[in-house]
Each structure stands twice: as C-alpha cells, then as structure tokens.
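S.K.: Residue strings, one per chain:
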Amino acid sequence: MKLKGLQKTRIYTEGPGYIFSPAALVVITLIYVVFVASFDKYQVLRLVPLAAYPVFLAASADVRPGAVLRKIAAASPVVLLIAVWNPLFDASRCEILGLSVSCGWLSFASVVFKFALTVSATLLMIAAAGFDKVCGALRALGLPDVLVTQLFLLNRYIRLLLDETHNAVRARLFRGGRITVANAGYICGPLLMRSIDRSRRIRFALACRGYNGSLCHENKELLSLCDKLFVIFWTVFFIAVRFQDFICASWRAILRCLG
Amino acid sequence: MHMADALISPAVGGVFWAASALLTIRCSSVLKRSDGEDKTAMMGVLSAFVFAAQMINFSIPGTGSSGHIGGALLLSVFLGPRRAFLSMVSILTVQALFFADGGLLALGCNVFNMGFFPCFIAYPLIYKPITERIGGRRGVFAGSVLASVAGLEMGAFCVVAEMLASGMTSLPAGLFFSLMMGIHLAIGAVEGMVTAMIIAYVMANAPDELPDAGAGFGARALFFFALMTVLLGSVAAWYASADPDGLEWSIDKIKDVPGLLLHKTGLHSFLYSLQQKVSFFPDYSFKDAGVPGRLGTSVSGVLGSFCALLCAAASGKILKHRKRRAK
Amino acid sequence: MSPVFEARNLEYSYSDGTDALRGLSFTLGEGEVLALAGVNGSGKSTLFMLLMGCLEPSGGEVLYNGENIRDEVRFKLRREVGLLFQNPDDQLFLPTVWEDVAFGPQNLGLADDVVAERVASALCATGMEALAARAPWKLSGGEKTLVALAGLLAMKPRALLLDEPSAGLDPRSRLNLIKIIRQIPCSIIVATHDLDMAIDICDRVIILKGGIAAGESRIPGLLHDEAFMQSCGLELPLGYACMNRGPMLKRTSYF
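Residue numbers (our numbering), protein chains in the order written: chain A, 1090 to 1348; chain B, 7 to 333; chain C, -15 to 239.
Please note that the accuracy of each hint is not assured.
As the list claims (entries may be wrong) - Far from chain C, by Cβ distances over 10 Å, these chain A residues were calculated: (1) Ile1120; (2) Trp1174; (3) Ile1185; (4) Leu1227; (5) Phe1241; (6) Asn1244; (7) Phe1293; (8) Leu1295; (9) Ile1321.
Said to hold, decoys possible - Derived DSS-like pairs: lysine-lysine, alpha-carbon spacing no greater than 30 Å straight-line: (10) C:Lys60 / B:Lys283; (11) B:Lys45 / C:Lys163; (12) C:Lys128 / B:Lys283; (13) C:Lys128 / C:Lys163; (14) C:Lys60 / C:Lys122; (15) A:Lys1160 / C:Lys140; (16) C:Lys163 / C:Lys140; (17) C:Lys122 / C:Lys193; (18) C:Lys163 / C:Lys122; (19) B:Lys134 / B:Lys38; (20) C:Lys128 / C:Lys60; (21) C:Lys140 / C:Lys128; (22) C:Lys122 / C:Lys140; (23) B:Lys45 / C:Lys60; (24) C:Lys193 / B:Lys38; (25) B:Lys134 / B:Lys45.
Read the hints as simulated data drawn from the structure, not as lab findings.
Even glycine gets a Cβ: it sits at the ideal position worked out from N, Cα and C.
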C-alpha cells in the first residue's frame, strides 16, 4: 500500500512566495509545455537549451533537484513502457552531428527527455508559487468558481481523508483482516458514509459564514510589469530555440574553430 | 491511463483541451443556474474520498494481482454526471500538478478519456438502464461492471488514437490497440466489482444516501443513434466507394489544362503545406504508412463523427443563447 | 426587548424516524451565556442546526429577534450569529489561517482594510497571531478550535453557538479557551459535557433529556443536584464530585 508515500506531497518548505506572480508562472509553464511537445520525435539535442527554464525555476525557488528527480522517476514507468517499443519497431537510421544513430533510440530518448522537462516544469511551478496561489491565478485567468472551489476543498481535505483511509485499513489489518475485493464495501463503504456526513457539515459551515459561491477573494493585479517582462523574455527564448538549431550552430562553430 | 505531455503533440492536446474546457464551462454554468441543493461541499469531499480510496489496492483472491476503485462511475452515482465530471477535472488536475500523473498539455486528453466517457456515456447509457431494468444488487453489479469496462475501453481506445495521431510512438497500431484495450478490460472488470461492492454496502446500510434515479432523457434513443454512428463510421466506411465523387471527377478532367496552378504558389501553397502538417488523418488514414488502411478509416470515421457532433451541439447552444438574449 | 433566540415547542425527527427533539422551549437573552447539557445523542448539535436554519423543524418554531426564521431572516441570522462546530476541521477550509479567518468578513462585503483589521483583532483575541501564515491542517486540535473561533469573532457576531468547544483539549488549552470565552461580549449558548467549564462561564443551564428540557436553573443550581443529574444520565461536575464523594472504586480486571 502506497499511502505513506503520498503523505509527502510537497517538495519544498513553505516560504514567503515567489518573485513573480503565480499567473505569470502558470502562463509561461503552459507555453513551455506546448513548445517542448511541438518538437519532432527525432529531435533530442535541440531540446537541450529548453532545460534552462526548469533549472532557472529550481534555482530561483530554492528547490532541491533531488526531490524533483525522485518525483520524475516515480512517475516515469508508464512513459518508459510506451517509449521502450520505439527502438524495437523503428529500425531506421538518422544522422546527428555527423554520427549515424538508430532513429528508434533517438525517439525513445526524445520522449524521455520531453517527459523530464515537462514534469519538472509543472512540479517546480507548484513548488515556486504554491498550489493555492496557482488556483487563485487560474480563477483570475477565467477558471469557473465552482472548479476553483473544488480544487481548494480537494487540497484541503485530501490529507484528512488519506489519514482516515490509512487508519481504516490499518485497523482491519491489525485485527487479522485482509484487504480484498470481497470486503471492499466494508472498508470503503463506512469511509464514504463518513465523507458524505462530513460534506453536509462543511456545507452548513460554509452557509453559516455567508458562502456565496467563491472561496477565493483574491483581487490583486494579475500581472505586473516585471511579470509581463518575465513572460515575454521566456517566450522569446522558447521561440528562438524552437526555430533555430543552436546545438548544430554551436557544433559547427566549434568545428570551425578547431580547423 | 494518464497520458504524459511527452506522448502527445500540441495539436492533439489543444483539440482535447478545447473539448474538455467546453464541457467544463458547460457543466459549471448549468450547475450555477440549477436551483437544486448546493452540493459543492459534497463534490469536494467525495473527490478527496475517491482520491484516498484509489490508494487502497484490493487483492483479487487466486490471481495474485490487485485493483482499486475507479472513481468517475462512483461519483456519477452519488453526484450525477455533471458534478462527477467537474470532480474528475479537479482530481486529474491535482494528480497532474502534485504527482506528475499526466501532464498539463495532456490534461485535456486525460479529462476527456477518464471523465467524459464514464460520466456522460457509461453512467447514463449503461449503468442507469441496467440497474433500472434488473434492479437490486444484481442490477448494481451488472451495471457497475459493464459501465466500468465500457468507460475504460472507450478511454483506452481514445488514448491510443491520440498517441498515434500525435506520432510520438512507433508501436504498431494494431498491437497498441490490442494491448491497451486488453489490459483495460481486466482493470475495468475489477474496478466495476469494487465500485459495485461499495454501492451495495450503501444500499444495504443507508439507502437514503443513494440519489433517486430521476427521469431519463431519451437515453435509449441516444444510445441507438450513438451505436449506429460508431458502426457506420468504423465498419460500414470500409465499403465506401473508392470512385471519385462529382467534384473530384471534374477536377480530374481539367488538372492538366495549362495555366491551372494547383497549390503551387502563394496562399494556396501555404495553406496546402499547413493542411499537410496539421491534418491528423490525411485521406482518412494514419500518417504512418505502416498502419493498416481499414484501421485508419475506422478511427478517423469515429473521431470525425464525434467532432461533427460536438460542433453541431456547440452551434445549437450558441444559436439558442443568442435567440434567448434577443428576446 | 425580544430575546436573541426563542424556541417554541421545537420538534425534530431524523429520517429514520428517531425523535431528536420533542417540544423543546427556551429563550436566550441579550448578553446571556447559556449552557446546554445532556448525554450523547440528546440533540444538542441538532438544536444548533435548527437555530441556524440549516435544518427545518418538524414542529414548533425558532424565532431570532422575535421573527420566525424564514429565508430573509435566515440570511440576516447567519451574518450575525456564529456557530462553532464540534470538529473544527469541518469549518477550516482555506489554505492559511489568515485567509480562513478573513473568509467570513469578506463574505460580508467589507473593504480590504476593514477585513485586515478584523482578522488581526480576532487572531489577537484568541492568541493565534503567530499562526496567521500556517496551514490549518498543520495545527493541533486546540489551535484549530481557537482559529475556528477567531473566524467567527472576525464577523463581530451578536450571538455565538459553541458546540463542545473544550472537547479534546488539554487542560492548559481548556483554561485558555475559558479565559477567551469569558471576554467575548455577546450572547452565547454552549453545548458541553464539561460541566466545570459551564460553571465557570455560564449564567444559566438547561439539561436536555429525551428531546425536551428536563430542567432549567441559574448556575450552579441543578448541576449540584446529584439525584437529578443521575436521572438525566449525567454526573456531577468534577470539582463538586471530588469534594463530596469518598475514595474512587478499585479497578476490576476483565478476567
């Protein structure tokens, strides 16, 4: 059972917040992910300069790289399972920097590298801005109130429900019981009933404090001048990397220098 | 079944983001207007319950394997399809942001594959009719297992189609479809059984907590037409005539006339190259020449019909909205 | 002057047919602190839900300021009356303590600076200023209760309904809570098993039994009547019991 591992949902310690606004981070991370995904499946070296963005985020948000890499490793099995077929079914050859390589392995490396880049950018966005501030930013960007409320409540009660579930399962195991499909109803049924009762009390608590459909009342300006410059700078960088092969150009320059 | 950003292209991700966003906005606005009991808190807490309960692996005696509850079907039973869909959006968003289970670009695809099919197809068209027809625990078990399997199979089918359309995998389409849909058949069966056990427990101990089935909405007719669309788009299309239609025949006759330039210059050339880059299924087949032609025809037929349905529904809603505002 | 709350022959039954309240009548005057005592399941929490208009009574009526609780009165009531739930996790739903305490004043439509001032003063009154940036799920049980109370105080309520406020608190936190409640300048109903706390902070006590008010008196009154308390399934307040009882009975073994 993997409940214990899920208790560690944070990869950073609570801090005073990031230098740029959560809205800017959300926008630029989305743009980043789109640019990374837009590369062809045989393009690996051209992705390398894009690693600058997650490295910048990790350094400026003071996040330990090990924590991010562990999360990437934990989430990678499915992607590896799909990408591992590429070398088996794609036997064609490609030329990279004068070397002939298997296209199948190239596409495998491309998928894995893209996965690492996109996952690290997403995790670091949350680490830098904080989940709740990202929800506030999403609301300001147009996400419906009911969905923002869901994200807040889900984030708030997930730990409570995880603890209750953990206790329910342990209580059964300590008394010699087993966790099988046959007794799924007896394990999850009472948890479900308690959740429904809890949700009623929460509904009353919300109503008693004048809840009017929105849990988030953040009214600050969405993007300051600094945030806009941050977004513009990185967007220009991504466009330049996407349409210009810096690795090849650098390699040719190095070869010219070496004679 | 969570897709990562590395496995899809921006075009495919963008299309499903748009579809999922439209569904989300539509569900939110309908719920906002509804006069029913405010179930916001119940949606949030049940989402957290599903999240937590998915962590429990229930072993299957005699097989050495285990499974867990689905989520979308259970949520649909207690909250209804729209609220369940919004709950799935929040669950998948948290999974993508905190656990790297699925990506940001792929979120639209994941919401569609794991939210739309169970909430809007499997629950109203399979679970509800079966439980109403058979009734009792047997109805719940049959409905849960069949709906769970159907929802997962549809989602798995869509996952493979999205990945093949994105062109990031070299796995042969036939093998990919067989593997994914075979695995999810077993997963769906286990998920369905676990979901059924939970619903049966609630039926036995707190039947008042189960919402009323409510009036149907022409489910049988809708199911019939959906089934016909799938059969026509996927199987009957194989036997469509290969002869050119009237327009193609006319163009064929005049294409060698001097002075007639076909997509060679300027805007025509640009649009032609754009179309070549963007089209997922050129000439109703996969871009990869190794994929069997019939498979490409089936997939493009089904997905194309579905896109047409979405566009028609969206147009209808926009026109209805404008008419209401004009009044 | 109308009492803050008045219940007239209040009746309520659960969906399975069990009677929670069977003709309960009482009043809460302006500035009064009323204790509501009764065994588990005597209907104290259900009564609070009825007073806040969250549940509809099956008989009788609830009056707030002399008016029957209907939609518009219910809206006004919820802006002026605060309910502290038995489990504070049920009413702490925002990411930080500060945001949670600000939730109520923001829903009242107050300006940002007024909200900030109210939050600061409520956190100060409960001694929780240092925890303003903390996430509610990281707080101890006592801290959660005080933060939940701060969230109600920030709305400057006219009346407070406190459901088992000292449940699960260690002795020091309990004393701290008693000091805080004593300084709150509004009408309060406290549903509690902690009869010593009731003696410390309340003016009057109502004992619930079988869904009706079995007895009502000024503090300490009925709380020192051993025979009456035992007939209602209750024990004497601990302080009084220690003075009047002999040595404790010897513990027996299961086997």
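S.K.: Hint by hint, say whether it matches the structure.
M.R.: How the hints compare with the structure:
1. Ile1120: 26 Å, holds
2. Trp1174: 42 Å, holds
3. Ile1185: Per Cβ check, isoleucine 1185 (chain A) is outside 10 Å of chain C; nearest 47 Å; holds.
4. Leu1227: 14 Å, holds
5. Phe1241: 7 Å, violated
6. Asn1244: Not fine: 7 Å to the nearest Cβ puts asparagine 1244 (chain A) too close to chain C.
7. Phe1293: 4 Å, violated
8. Leu1295: The claim breaks: leucine 1295 (chain A) does not keep its Cβ more than 10 Å from every Cβ of chain C (closest is about 7 Å).
9. Ile1321: Since the minimum Cβ distance to chain C is about 30 Å, isoleucine 1321 (chain A) lies beyond 10 Å and the statement holds.
10. C:Lys60 / B:Lys283: Violated, at roughly 61 Å.
11. B:Lys45 / C:Lys163: 38 Å, violated
12. C:Lys128 / B:Lys283: The hint is violated at about 58 Å.
13. C:Lys128 / C:Lys163: Roughly 17 Å separates the two Cα atoms, so the pair holds.
14. C:Lys60 / C:Lys122: 33 Å, violated
15. A:Lys1160 / C:Lys140: Violated, at roughly 46 Å.
16. C:Lys163 / C:Lys140: 18 Å, holds
17. C:Lys122 / C:Lys193: 38 Å, violated
18. C:Lys163 / C:Lys122: Distance of about 24 Å is within 30 Å: holds.
19. B:Lys134 / B:Lys38: 25 Å, holds
20. C:Lys128 / C:Lys60: The hint holds at about 26 Å.
21. C:Lys140 / C:Lys128: Satisfied, since the Cα-Cα distance of roughly 19 Å is no more than 30 Å.
22. C:Lys122 / C:Lys140: 26 Å, holds
23. B:Lys45 / C:Lys60: 22 Å, holds
24. C:Lys193 / B:Lys38: 43 Å, violated
25. B:Lys134 / B:Lys45: 21 Å, holds
When the structure is compared with the earlier hints, violations turn up for hints 5, 6, 7, 8, 10, 11, 12, 14, 15, 17, 24 and for no others.
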